[in-house]
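Starting from the given sequences, assemble the full structure and let the hints guide the process.
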Amino acid sequence: MPDNETLLEWIRICSGIEGKGLTDAKIHACIQDAASAVIDALELKAIIRVETIISKRDDSICGKSISIKSANISRMVSLMSDKVTMYVFALTLGVEFDRLLKTRMEKSLAEALFIDAAGSFITEYFAGQLENFAESGTGKQRLCLSDRFSPGYCDWDLRAGQFEIMNFLDLSEIGVKMLSSSMMEPLKTITGIIFASDIMPQKNPCSFCNRKKCGYRRY
Amino acid sequence: MNDAGLLIKIKEAVYSGNLQEIRNIATEQEVQLIPGPKILEALTSGMGMAGTDLYKNLKSVPEFLFSVDTFREIVRICNLKGKSCGDNNKTVLIGVAEGEVHDLGKNIVGAVLEASGFNVIDMECSKTRDMMLDEIGNLKPELLALSAMMSTCIPAVKDTVLWVNRMYPQVKVIVGGAAIDPDLAAAVGAHGYAENANGAVNEANRLLGL
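If you read the sequences in order, they're chains A and B. Under numbering that gives the first Met the number 0, the first residue of the first sequence is numbered 0, with each subsequent residue one higher. Under numbering that gives the first Met the number 0, the first residue of the second sequence is numbered 0, with each subsequent residue one higher.
To be clear, the hints were calculated from the coordinates, so they are not data collected in a lab. One thing to keep in mind: the hints can contain errors.
[Stated by the list, open to error] DSSO-like mimics (lysine-lysine), calculated; alpha carbons at most 27 angstroms apart, straight line: (1) A:Lys25 x A:Lys211; (2) A:Lys176 x B:Lys126; (3) B:Lys89 x B:Lys126; (4) A:Lys68 x A:Lys176; (5) A:Lys106 x B:Lys89; (6) B:Lys10 x A:Lys106; (7) B:Lys8 x A:Lys106; (8) A:Lys25 x A:Lys101; (9) B:Lys157 x B:Lys126; (10) A:Lys63 x A:Lys82; (11) A:Lys106 x B:Lys37; (12) B:Lys55 x A:Lys25; (13) B:Lys10 x A:Lys25; (14) B:Lys8 x A:Lys25; (15) A:Lys55 x A:Lys44; (16) B:Lys157 x A:Lys68; (17) A:Lys176 x A:Lys63; (18) A:Lys106 x B:Lys126; (19) A:Lys101 x B:Lys126; (20) B:Lys37 x B:Lys126; (21) A:Lys176 x B:Lys157.
Here it is, written out as structure tokens:
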């Protein structure tokens with residue numbers, strides 16, 4: 000788990016009170032309560048599967064059972080060595096979080112905002128832990144890892160990406176279902192991919208892209 | 000305490016987001032004797048001050064939401080929901096795009112619109128386009144507010160707005176949410192766009208000529 004102070008600080012930042020109200024005891028107590036409630040509600044589950052990339056094209060990369068249709072990600076992977084593996088993952092905080100958020104929304108929108116912020120941070124935190132897991136999975140080879148990408152990133156279509164991952168991973172194993180709108184339930188669920196290779200000149204495709212003001216740009 | 004004093008206390012409690020204070024005030028017998036519209040006027044005034052502070056960056060979003068929570072609490076205790084809110088008696092139907100599951104933002108916007116004097120009817124999640132059209136036909140709102148967090152819901156937003164414009168041209172539509180910007184709002188045929196809850200109030204006022 001992230002340490003308490005980091006979690007509280009993140010809730011403050013995410014909910015828009017960075018630098019404001021920090022000394023307000025009521026707000027601090029409310030944030031602390033939200034953090035504790037979210038931790039109590041956690042039913043964290045994750046699934047990760049490794050696939051070897053068997054073909055690289057200009058507009059897509061393919062494993063045996065999954066393909067990623069993105070020209071920019073393909074371009075990034077084309078710079079890697081011949082042997083590239085891909086970690087495909089899904090992670091969820093579980094349905095209890097959704098119930099907690101719904102209950103708090105009826106009681107207090109401020110509390111719900113803190114709960115939502117805590118859930119987002121914890122989801123990202125554990126997705127980061129999956130990156131560490133993937134790194135340890137490269138064993139003695141000490142392969143380089145790319146950044147983590149989720150469907151919808153750059154030119155990887157959200158709907159197509161979610162369907163690819165859903166077909167590749169058995170999301171029901173972790174209690175995740177995808178709706179016809181390609182949104183997932185429970186609410187705090189994240190899917191994504193990470194590439195591993197011994198040669199990795201670029202960890203993300205942002206340097207190929209001219210959209211300098213893109214909110215998702217990584218440097 | 001006389002009515003004027005109580006109304007000032009109500010206004011201040013809402014402005015400062017003091018939930019406990021509003022609960023104490025609401026249990027006082029004198030409050031039960033004050034006409035609902037008078038209480039709502041004080042509440043709306045307190046919310047207006049909180050909204051101004053938010054706009055001027057003097058209050059953070061959570062501080063503003065404490066004001067909203069306080070407003071909702073006294074409305075609940077004094078059973079004021081749906082009562083006349085002074086000179087603004089416009090109905091807003093609010094919902095999320097078909098297929099959307101994120102509704103925190105929608106709920107915040109709904110609460111703020113209500114606190115600003117609108118009669119807000121929440122469609123909750125999981126409403127199809129046709130269900131929304133039926134709701135408009137039955138409830139006859141002046142405004143439809145629709146949100147989408149994820150880009151996969153944009154086609155549903157566009158489709159819904161298209162049919163609302165065709166079937167109920169008198170109904171104004173505002174859209175918002177993380178997946179939408181002003182250009183996209185115009186492209187889907189919406190009359191207005193709101194980036195946040197305060198913006199939604201301003202946009203609703205503008206579109207309804209308030």
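### Task
Give me the numbers of the hints this structure contradicts, sorted from smallest to largest.
Of the numbered hints given earlier, those the structure breaks are 1, 15, 20, listed in rising order.
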